[in-house]
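Take these sequences, add in the hints, and give me the full structure.
Protein chains: 2
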Amino acid sequence: MPKISEKIQHIQQQIRSENHAMAIGLLNELNVADQASILKGLKLEEQIRIFQELKEPSRVFEFMPLSQQVSLAEQLPVAQIIAILNALDSDNFVDVYKRCSPQLQQQLMAKLSEASRQTLKDLAIYPEGTAGALMSSSFVSLHQDLSIHDAIQMLRVVAADQETLYLIYIVDEQDQLIGVVSLRQMIQASPETSIAEIMQRDVIYAKIGDDQEDVAKTLTYYDFMALPIVDEHKKILGIVTYDDAMDIMEAETTEDILKSGAVEPLTELSLKTAPIFTLYQKRVSWLVILVFGSLLSGIGIAHYEETIAAHIVLVFFLPLLVGSGGNAGSQSATLMVRALATGDVEFRDWFSLLSRETLVALCLGGTMALAVSVLGYVRGDIMVAVVLAISMLGIVLMGCLIGMSLPFILNKFKMDPASASAPLVTSICDATGVIIYLFVASKLLF
Amino acid sequence: MPKISEKIQHIQQQIRSENHAMAIGLLNELNVADQASILKGLKLEEQIRIFQELKEPSRVFEFMPLSQQVSLAEQLPVAQIIAILNALDSDNFVDVYKRCSPQLQQQLMAKLSEASRQTLKDLAIYPEGTAGALMSSSFVSLHQDLSIHDAIQMLRVVAADQETLYLIYIVDEQDQLIGVVSLRQMIQASPETSIAEIMQRDVIYAKIGDDQEDVAKTLTYYDFMALPIVDEHKKILGIVTYDDAMDIMEAETTEDILKSGAVEPLTELSLKTAPIFTLYQKRVSWLVILVFGSLLSGIGIAHYEETIAAHIVLVFFLPLLVGSGGNAGSQSATLMVRALATGDVEFRDWFSLLSRETLVALCLGGTMALAVSVLGYVRGDIMVAVVLAISMLGIVLMGCLIGMSLPFILNKFKMDPASASAPLVTSICDATGVIIYLFVASKLLF
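Protein chains in written order, with our numbering: chain A, 400 to 845; chain B, 400 to 845.
Errors might be hidden in some of the hints.
Since copy identity is lost for identical chains, a pair holds within one copy or between any two.
As the list claims (entries may be wrong) - Restricting the straight-line Cα-Cα distance to at most 25 angstroms, the calculated cross-link-like pairs of lysine-lysine (DSS-like) are:
#1 K671 - K811
#2 K510 - K634
#3 K671 - K442
#4 K454 - K842
#5 K606 - K813
#6 K406 - K633
#7 K671 - K439
#8 K616 - K439
#9 K406 - K842
#10 K616 - K406
#11 K671 - K813
#12 K406 - K442
#13 K671 - K616
#14 K406 - K606
Hint data in this document are derived by calculation from the structure and do not stem from the laboratory. As the structure is a computational prediction, the values presented were derived from the model and not from experiment.
See below:
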């Protein structure tokens, strides 16, 4: 992403010309994120060969996408994998472990340290998509009666193993979360103060079973660096950090966007490397489902075959009228789905939004009606112009109301409002549009 | 967003029943982010009345959207506004100031402290959308020859005014950026060490004129907490923090999504409160532009009027065939625009993606051709089935290639690839579909 592409191209050239020593020397000078990004572009055999020569393999491993981490893990010597896994944050460690082959899992289980086995047991039980599966178990918790001076001394000791030192959670004797202190506050306070004096009580937290998207939203909503995750007794079990939240938000947004284009989410897959058949699968079901919408349009047309045959000029305007309804509807659905996703509107706002949308739709429909009636008058006569104007106004109005309502209706049926994709809205609006247009025409033209 | 809605409803009730003392008492118990969120839902007069009674008005102000900050600033007593602005991070401070009315700006200028006036002068010059406009000028920079112990003492002194203490930038005599140290590293190192020994050289930074979206991407790519912003002499001028990056990413994503639905971005506006006329403006131009696509379809149909009149059964299948091409094309465009936005693919991958897409399209088109030919045989005859199958294959293939190529073509013409909206792709594919279908039919049916 950032502009170090010349260096990258140079390294890729070295690799292509089998000049591995040179390539590895250059790689090791880069930031670990860039090293991971270069490895991603290589064939698996090359990845393995180069990865083993890196100066900080565990830190590079951290920046790889999960799918690549797993395929590397399957190929590397077990001893090296164990060293790498031990260095990973616990949430990532568990994610990789869960996706390894049963054989590798067995080998790992036999050789992992007791502490790592415990982490696995603790974290692997939480279902995917929950706060529990997202959280890391490496966080700092201290007791409230420590002085700041002693607390900082303790931080020195545990620092190396923890994902973040910047938020320290304060617990009572039962490990229940009772406060939070930032390292910044500790640095600012005088060393003799006790933690209890400066800690913030009333900590905001998430529950272990909460949906990961909600956790990410809470974190960004409060601009926190980390959010503590607790069990039903308010005992702190882990933390979710802002970088995990950013990844989740990006993944969830991608999922919503693909749904808006009538594509099933391509979790963890790259468009460049996903198998052709998988891409086919993610798309074919929606294409087939949408056929039914188009068939409805076809039936509408068949029903008014006589009207069409009598006034063949109507066919010329059919795509224009029907398309405008679909376009206006897609706009409404897009606005609505996004506003729901960002929390700008909520489901209970539906009614007030609908009345606002009606006004917008009347303005849009009015403009379009005016434009199309001029075209109709030029190509047909005054009656055609009237038919077109009335139909356009009705079609755009109906399209907007459908586009705005569909996300809410899907939600009522416990489906994701983001499934109100442009193609779905378009195909529903098309059928409605055909019927409105030909109905108006059959009534007004003789 | 988080589930404290009972408390919120309770407070809203108190406000509605004019029970202000009670409402303010309850409000002050909440987190500042929640206080801001409740204020957002109130009328401006109520906001002002309640805001002035809050315990930590400056911190609540920080969590408000910019538009609300500005409208509050215009109404509050100047003395209070100055207190609040002084407490804000410098990037936010400048944003608010820039949007105030000229009268208020004049009043503020007369009463702001010398330091704040300097900040304004320094930051207000950077154009919107650049790293300079996004950055905050409150960061910590130290010299490399300090010991860790002395450095921590210095942090204590400056702590209160800085946006983050967690990354400390190291500069030479010319204020040039030469390293970075995290507070975490400082806590871990022994107090006598010098900063030079533990600092990371080779700092990743952005330039003052860089696009804000690139800055946000760099920050998330490296999982940094903050990114230093430098001038052409590598002198550090400010930092951009992860929470700003998250806001930018969300805003840019929203912009892309609205474009994908053929709506102009509604920057900073809520769907609930945006003026009707603004919503109309954001949508009408695309609806009118798309008319031309539909007119092309109409012209296609008019050209083959005789074929249609001779085989009226063709009209029944028209929406189905044409719609499928549009749907497949929307899918391709959605996949491509998203993959470009996340950095999964780059423009130079176009050719290899096109050949993969051709394979996917042939599979999709084959499936759809099979399905539609059965329908065609039932409703027409074997020849109709053949026409439908050939057309469907051609239309889906063409739709996919158009959907995949349009984002690249837009980029070639220096337009945003996200403008390859579903409605645009659909209307281009519709016209192509009409022509393919009726051309095949006119050649095969006599």
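Copy assignment of K671 with K616, given that the CA separation must stay at most 25 angstroms: Between copies only: 20 angstroms across, 30 angstroms inside.
K671 and K811: within-copy, between-copy, both or neither at 25 angstroms Cα: between (36 angstroms within a copy, 21 angstroms between copies)
Copy assignment of K510 with K634, given that the CA separation must stay at most 25 angstroms: neither (30 angstroms within a copy, 50 angstroms between copies)
Identical-chain pair category, K406 with K442, by Cα at 25 angstroms: Classified as within: same-chain Cα gap 19 angstroms, cross-chain 55 angstroms, threshold 25 angstroms.
25 angstroms Cα threshold - placement of K813 relative to K606: Close inside one copy (22 angstroms), not across copies (47 angstroms); limit 25 angstroms.
Alpha-carbon proximity context of K406 and K633, limit 25 angstroms: Close across copies (20 angstroms), not inside one copy (50 angstroms); limit 25 angstroms.
Intra- versus inter-copy proximity for K842 and K454 (alpha-carbon distance at most 25 angstroms): neither (79 angstroms within a copy, 67 angstroms between copies)
Homomeric proximity label, K671 with K442: Cα distance no greater than 25 angstroms: Close inside one copy (13 angstroms), not across copies (50 angstroms); limit 25 angstroms.
Same-copy or cross-copy closeness of K616 to K406 [CA-CA at most 25 angstroms]: For K616 and K406, the Cα distance is within 25 angstroms only across copies (19 angstroms; inside one copy 37 angstroms).
Same-copy or cross-copy closeness of K406 to K606 [CA-CA at most 25 angstroms]: between (45 angstroms within a copy, 19 angstroms between copies)
Intra- versus inter-copy proximity for K439 and K616 (alpha-carbon distance at most 25 angstroms): Classified as between: cross-chain Cα gap 18 angstroms, same-chain 29 angstroms, threshold 25 angstroms.
Copy assignment of K671 with K439, given that the CA separation must stay at most 25 angstroms: Answer is within; shortest intra-copy Cα gap is 12 angstroms, inter-copy 43 angstroms.
Hints 2, 4, 9 from the list above are not met by this structure, while the remaining hints are.
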